[in-house]
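Novice: Each chain, written out:
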Amino acid sequence: MKKKGTILIENVVFIILNLLFLSVLVLFLVNQGSGAIVLEQTYAKQIAMLVDSAQPVMLIKIDMAKGKKLAEKNGIDFNNVVSISGNLVTVKLSEGKGYTYAFFNDVDAVPYPEEGMYIITINKKEEVVANE
Amino acid sequence: MNKYIKDKRGTDKILSIYWFVILTLIAGGVFAMVYVFYGAPYDVREIESEILAEKIADCISSKGIIDSEFFIDGTFNTKIGENFNEKCNFNFNVEEGYGDTNEVQYFYEVEFYTLEDLANPAFNFYNGNSNWEADCFIKKENDKEYVKLAKCTEKRFYALSGEGNQYLIKILSVIGKSEKNVK
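Those protein sequences? They're chains A and B, same order as listed.
Numbering follows the numbering used here, with no gaps: position 114 of the first sequence is 748.
Numbering follows the numbering used here, with no gaps: position 94 of the second sequence is 77.
Calculated from the structure, these hints are not laboratory results.
Backbone N, C-alpha and C define an ideal beta-carbon position, used for all residues, glycine too.
Treat the hints with care, as some may be off.
Unchecked claim - Below, a list of computed lysine-lysine pairs in the DSBU-like style, where the Cα atoms sit at most 30 Å apart: (1) Lys703(A) <-> Lys131(B); (2) Lys46(B) <-> Lys153(B); (3) Lys153(B) <-> Lys731(A); (4) Lys759(A) <-> Lys131(B); (5) Lys166(B) <-> Lys731(A).
Stated by the list, open to error - Just some of the chain B residues that point at chain A, by a computed CB distance under 8 Å: (6) Val4; (7) Leu8; (8) Gly11; (9) Val27; (10) Ile34; (11) Glu78.
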């Protein structure tokens, strides 16, 4: 009886170690896929492509729930995650510069956050007339 | 028989050590693959060049009729190319990270062919960095160096002028941006 018990414990330890190994592997893969660097690039390029194909007086809604979660985890205010300056879109989900990508469509694109989403309004660029 | 059982237990332990050596090797392989996969940037240049070609086409003709600005007194307006970027709302400025000079990463060429002569364009114009054009005509193999070449899209369609003349319009759009899209 004693002998059989020893074999069972060995098997249990073996199975636990295997499960532990698999869990670490899965966690690693999940973390890599939702890492800040990968997500910043994905969102920036996605937004740039959407703005490129958009036309004035359009509203673009982008689900950024994953990005919001990650930004909050990294202490970044969700209101500052997406910024558009000229024809450059920058997405920042962690401390650092963020990821910037250019779009060629010369429109007035303004992003604003709304409950885990970002809404981008596309309008015709107005000529800035300097006050004389 | 007893001796055989003892030997079997020993083999089991050796097997489990082997098992963990194999698992470590698998883990190493997975880590390496993940590093290579996520380390490489997403290549969106093909989509970008398709969007550019679509935008140019939309700018040239609407509902199959070529914009009247392309013609002056029945002939092609040769100055259309000069302000085509403004007309179509194109801004070819790019972010930092494309070489020392931040050279233009876009190029497009538009050619108009009459149905009588489909070999020589009746009118053409281009804009952007013409250095990228050559990349479109290089036979691309599945090689690391070839992947870094610019991505091109060629679009063809027929449209009518205001007078009812039919033209074949060829658009070639090219996107460089290899620094941000290829490792």
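Novice: Check each numbered hint from earlier against the structure, then list the numbers of those it violates in ascending order.
Specialist: 1, 3, 4, 6, 7, 8
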